[in-house]
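Q: Sequence:
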Amino acid sequence: MMEGINKCSNGHLYRKDLESCPFCSSDNTENMKDSNEVMPNENLKTDIVLKFKSFTTKILDKIKNTSFEEGSFFSFLKNKTFYFHFTIASVICLLFFYFLLLFLNTYTLNSEEFELKDYQGLSVDEIKSEFENNDLVFEIMDSIYTDSVPKGTVYSQQPSSGTFVKEGRKIYLTINCNSSQKFSIPDVYNKSEREAKIQLKSYFKVESVYSVQYSDIYSVVTKMQVANKEVVPGQMLIEGTTISLYFGSGRGTSKIIVPNLVGYSKDQALFVLEENKLRLGEIISEGEIIDTSSAIVINQRPLWESRLQSGDMVDIIIKQSVDSIDISDTTTIQ
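Whatever position you read off the sequence shown (first residue = 1), add 2 for my numbering.
Calculated directly from the structure, the hints in this document are not laboratory data.
Don't take every hint at face value.
As the list claims (entries may be wrong) - Across the chosen pairs, the derived CB separations fall in these ranges:
1. E209 <-> N180: 26 to 32 Å
2. I61 <-> I90: 29 to 35 Å
3. I285 <-> S308: 15 to 21 Å
4. Y100 <-> F166: 26 to 32 Å
5. I285 <-> I200: 14 to 20 Å
6. K168 <-> D63: 54 to 60 Å
7. I291 <-> P235: 30 to 36 Å
No residue lacks a Cβ here, since even glycine has one placed at the ideal position from N, Cα and C.
When you get a sec, could you build the whole thing from the sequences and use the hints?
A: Pasting the structure below:
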């Protein structure tokens, strides 16, 4: 349809140059929209209706033409036995799904959740009683040493408190150990008081016992005791135990040949002296020392191959950089 088409109140279409609708003589007219906007929608509706009618007609024709005679594919639809078996199978399926839902509700404890309590600070015996009442299971996942909760009680739990769980849920617990943590006693024999305390104070309390001949320069640790019983390096003690350190000259009666320290670094020289039951004495610097760990020993006192008692000290002279060292040229330091 083109522009200039009117539509009356009854839906009739007629030319615009006519005063009234020629079909019903109605003067109540309205201008039609552009045919490009109206016609596509009307044609689409018409096509859908026609296609639906065609589809339903074909289906009905196929049903009419279907043969229910004996031996045909759909002949079972006339058999009463089929409907009996179909009804029995339907009832069995319904009962199966009904009992399956009952089983799943019971197995998964559907809608039977409860809020998990905070078990921190409870002992293992209290946990057992609490869990039996709520049909829960617990497993000790880890143990720690802490002062935040009493010993032998729960430190943390997983899942955390406030979580909603079902009966039978396993709860993982971290327990604070009943006994305090133990640590090995380091070897501080023949060490100065300062060195010994630095090594021991990390885990133990230290009490110093001085001999009559005690010297803050020459005396070293000669014995360790706990509650008047001697202990030795490597022995395990509870953290915080008080260790009594006994100091003496550290000198033995046997003679030790002084090792040659020339050419070693300070740390290497210290290690060699300790291996020979001797102590490092005064460290004398020659020239500017930027880094003592990389400085080299160029002389020592007393000289190597001298004889000393165990516990005696050996002084060393160090230098930052050394081009060449003539060991045979070393002389006694005055």
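Q: Determine for every hint whether it applies to the structure shown.
A: Status of the hints after comparison with the structure:
1. Distance hint for E209 and N180: a CB-CB separation of about 27 Å, consistent with the stated range 26 to 32 Å.
2. A C-beta distance of roughly 30 Å is found between I61 and I90, which places it inside the suggested range of 29 to 35 Å.
3. Distance hint check: the CB atoms of I285 and S308 are about 18 Å apart, consistent with the given range 15 to 21 Å.
4. At about 28 Å, the beta-carbon gap between Y100 and F166 stays in the expected band of 26 to 32 Å.
5. Against the hinted window of 14 to 20 Å, the Cβ-Cβ separation of I285 and I200 comes to about 18 Å, which satisfies the hint.
6. Range check, K168 to D63: Cβ separation about 59 Å, and the 54 to 60 Å hint holds.
7. Roughly 33 Å separates the CB atoms of I291 and P235, a value that falls within the hinted 30 to 36 Å.
In this structure, every one of the numbered hints holds.
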